[in-house]
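Just so you know, the protein sequences line up as chains A and B, in that order.
So for the first sequence, our numbering puts the first residue at 503; every next one is plus one.
So for the second sequence, our numbering puts the first residue at 3; every next one is plus one.
Treat the hints with caution; some may be incorrect.
[To be verified] A short list of chain A residues far from chain B (calculated; beta carbon distances all over 10 Å):
1. LYS527
2. THR557
3. GLY567
4. GLY579
5. ALA647
6. ARG661
7. GLY703
8. LEU728
9. GLU768
10. HIS914
[As the list claims (entries may be wrong)] Which chain A residues face chain B? A few, computed with CB under 8 Å, are given here:
11. SER632
12. PRO633
13. LEU634
14. ALA635
15. ARG637
16. SER652
17. GLY653
18. PRO654
19. VAL659
20. LYS660
[Unchecked claim] Capping the alpha-carbon separation at 25 Å, the derived lysine to aspartate or glutamate pairs in DMTMM-like fashion look like this:
21. LYS225(B) - GLU308(B)
22. LYS329(B) - GLU664(A)
23. LYS162(B) - GLU6(B)
24. LYS807(A) - GLU281(B)
25. LYS527(A) - GLU583(A)
26. LYS183(B) - ASP169(B)
27. LYS882(A) - GLU768(A)
28. LYS807(A) - GLU282(B)
29. LYS42(B) - ASP58(B)
If you are wondering where the hints come from, they were derived from the structure by calculation, not from laboratory data.
Computed from a predicted model, the values in this text were never measured in an experiment.
Even glycine gets a Cβ: it sits at the ideal position worked out from N, Cα and C.
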Amino acid sequence: MARPILMPQVGQDLTEGKVTALNVKVGDTVGKGDIVAEVESEKAVFEVEAFETGTVLEIRCAVGGMATVLEPLIMVGEEGETVPSVPAAGFSGEDAQAIVGKAAESVAVLPVEAGHQAEALLRTGTGGSSPLARRIAAAAGLDLAAIQGSGPRGAVVKRDVEAYQRSGKGGPTSVVAFSGGPARPAAGGTLPLRTLQSGTGDPVVFIHGFGGELSAWRPLLAHLGLANPVLALDLPGHGSAAGVTASDFEALVAAVHGALAADKVERLHLVGHSLGAAVAASIAGGGDLDVRSLSLLSPAGLGPKINGDYVAGFLSASSEAALRVWLELLVHDPATLPGVLVRATLAGRDGTAMVDNQARLASGVFAGSTQLFSVRDALKRFGGPTRVIVGTEDRIIPAAQAEGLPAHVALHRLPQVGHLPQLEAAALVGRLVTETVRSAG
Amino acid sequence: MAREIMYRDALREAIDEEMERDATVFILGEGIAERGGSYKVTEGLLAKYGAKRVRDTPIAEAGMIGVGVGAAIAGARPIVEILYIDFAMLGMDMLVNQAAKFRLMTGGDGRVPFVMRTQGGTGGGVAAQHSQSLEALFYHIPGLKVVMPSTPADAKGLLKYALRQSDPVMFLEHKHLYMTKGLVPDDEHVVEFGKADIKRPGSDVTLIAWSNMVPRALEAAAKLAEQGIEAEVLDPRTLVPLDKQAILASVARTNRVVIAQEAVRRGGVASDIASIIQEEAFFELDAPIEIVAGLNIPIPFNLELEKASVPQVDDIVAAARRALHAKPLALAAE
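Given the sequences, and given the hints that come with them, work out the whole structure.
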């Protein structure tokens, strides 16, 4: 059966890319891992890999032409086989998801520079502090990294945390809870609201997490059984809003709020991931917009802990291999991490203030491994249908922090899933989001 | 009021009082009747209760334990005294496959109110076959209760309790303790299983110890106090059932733990207690749990080597200092 080689998802909210080279012609045999084409986004050139062996049956786009992201670029199959006449229409997002998933398998993991790997291992370890010291610091909202340790090999132990607290340096960090009041706008522009799917009814607005971008939602769309319009935006410092800055959680919420107001979206469903989920919860709890339902994937803002090593490592990694090491922390099974995600993240940074703006945002919302904001009150105030979905293997935000939510909130704990349930359990997440939206009527 | 008596006298009082109270209690063992026992625990009992209830046996531990388990199943309350715990190995089938399983296999109808009194541990150069600490073997077998008293009062109270409950009890004494003295209440004194005893309260580190390690832990605590460290000494008294709540509560107070056992380190009860603590009180811990245990070797005959093969007071002191992230004493002086 003929199978497509897809035009990769190559950049920030990129919907199409230019084919700059084709290394195969119809009738050629390609093998798994062969580079069959090169395509160009506005910033970089990407290689297109074959993910299975076969004969090239059809090439859908000539050199110099524009190819649509996640649409078939080349069809491969048995020699002499005919390609269905309208394969593009019959090709579902689910297939795309499968192929994107397969891409991960075929992307060779490049040797990581020794120095960086060592650093990564050091920073992801839990050594350097006693369990009790970590517990006290987390409860007090302190950044352990700022505390001088006196234990074995400089480990931070209880007496160090207590001495730090006594010194006054570590007055508990204030916990911000957005209440929908007047807010400072983000600097450097507004956030564009993009339509991912047109439809009828109240729009469903998707908000991505830290380090993500709106186009990352696309693979999930195939799993939504909704006729509603689907909108998404890029957070300040992310994707097409790389140049927009927000320096704390309130500014972040205000920026999203502003974007919704600018497009006169007043009655909506919100779906958020991680930091974006916290923003969604804040807006829902603010009460001035008519939020019909709330779907929160791996939400931030429910407890003090976040993996600060991940945030720092993600921002500092500058090679594909180094970034991959960090991004693998996002998933339970590294094989589910699409290679294009790694490349697209790096490409998106190129020539923009993205890393600086994300670092600024990170320092305003996280202190080391502590989240400086809480949306628990906002969740309490928002009485509408609310679903929280977490992966029990989440290595960025501990799943246990989603315990003890208000009684009207449904909690789904997905086993064998990490911080990206929308990737690792796309079908179920799609179904749960759909049910949440429909339950609001 | 209370009297100061020896551990061995406290044991005799317990047996005497329970034999007087309950006619089904009897005791059998090697040299316990005419000779009054190698450690003089049963002295005088033959004259008081007669040869039917205080019986000498041949040197045949498998037979003695088998008789005891059988008598218990038949409704008596036997105490079988095994001279050295090392010799109890001869009766392991009766203990592990019969006594420990009978209650389960009869759907709870059959009970085995059997008490095996024996003693273990090092002392006086009696070498590898007479010095072992084998509590972990019994601790490992569901269905057996494991009791390890460290003081005369606990010895009396726990033995009296053992003779009033209905499951097989491994009552493990220590050869070093028979001549130690302590206060024992004059009145009826029964100590329930599964209740740990804080032998000394303290706030800086918890020393968990049983049997002969309790006096050593107390001595270590006294030394630590001179260094400004207040150690809490917790004696579980019974390893099965184990007073987990008392251990977790103490860890929550002190945040540091040293577990001292005379038995070899490998596969020991200390490792299991450490595992319970890390599982249930991980975020109370400010330092790795320290285990002070015997070396993984048969106990040597040579007295100095015997001493080197099991924990001494200074080993416990050093471990407590490590748990407090304090310098070793040799360096602290500088």
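Point to revise | Hinted contact PRO654(A) with chain B - closest CB pair below 8 Å | key: With a minimum Cβ separation of about 6 Å from chain B (threshold 8 Å), the hint on PRO654(A) holds.
Q | When the least beta-carbon distance from LYS660(A) to chain B is tested against 8 Å, hint result | A | holds, 4 Å
Per the CB criterion, is SER652(A) less than 8 Å away from chain B? holds, 7 Å
Under the criterion that the straight-line Cα-Cα distance not exceed 25 Å, is the pair LYS527(A), GLU583(A) satisfied?
-> The given pair, whose Cα atoms are some 15 Å apart, holds under the 25 Å limit.
Margin query: Given the hinted pair LYS807(A) and GLU282(B), is their Cα-Cα distance within 25 Å?
Written below: OK: LYS807(A) and GLU282(B) at ~20 Å, within 25 Å.
TODO: Taking the shortest Cβ-to-Cβ distance between GLY567(A) and chain B, state whether it exceeds 10 Å.
DONE: holds, 59 Å
Tell me if the straight-line CA distance from LYS225(B) to GLU308(B) falls inside 25 Å. Answer holds: LYS225(B) to GLU308(B) is near 23 Å, not above 25 Å.
Notebook entry, point to check: Does the no-contact call for GLY579(A) survive, Cβ to all of chain B over 10 Å?
Noted result: holds, 55 Å
Chain B contact restraint for ALA635(A) - C-beta distance below 8 Å
holds, 7 Å
- Are all beta-carbon distances from LYS527(A) to chain B longer than 10 Å? Consistent with the label, LYS527(A) stays out of reach of chain B, its closest Cβ about 62 Å off (over 10 Å).
Would the hint linking LYS42(B) and ASP58(B) be met if the CA-CA limit is 25 Å? holds, 14 Å
### Message
Just want to verify: ARG661(A) was marked as not at the interface with chain B; is every Cβ pair farther apart than 10 Å?
### Response
Nearest chain B Cβ is 8 Å from ARG661(A), so the label is violated.
Violated hints, in rising order: 6, 26; the structure is consistent with all others.
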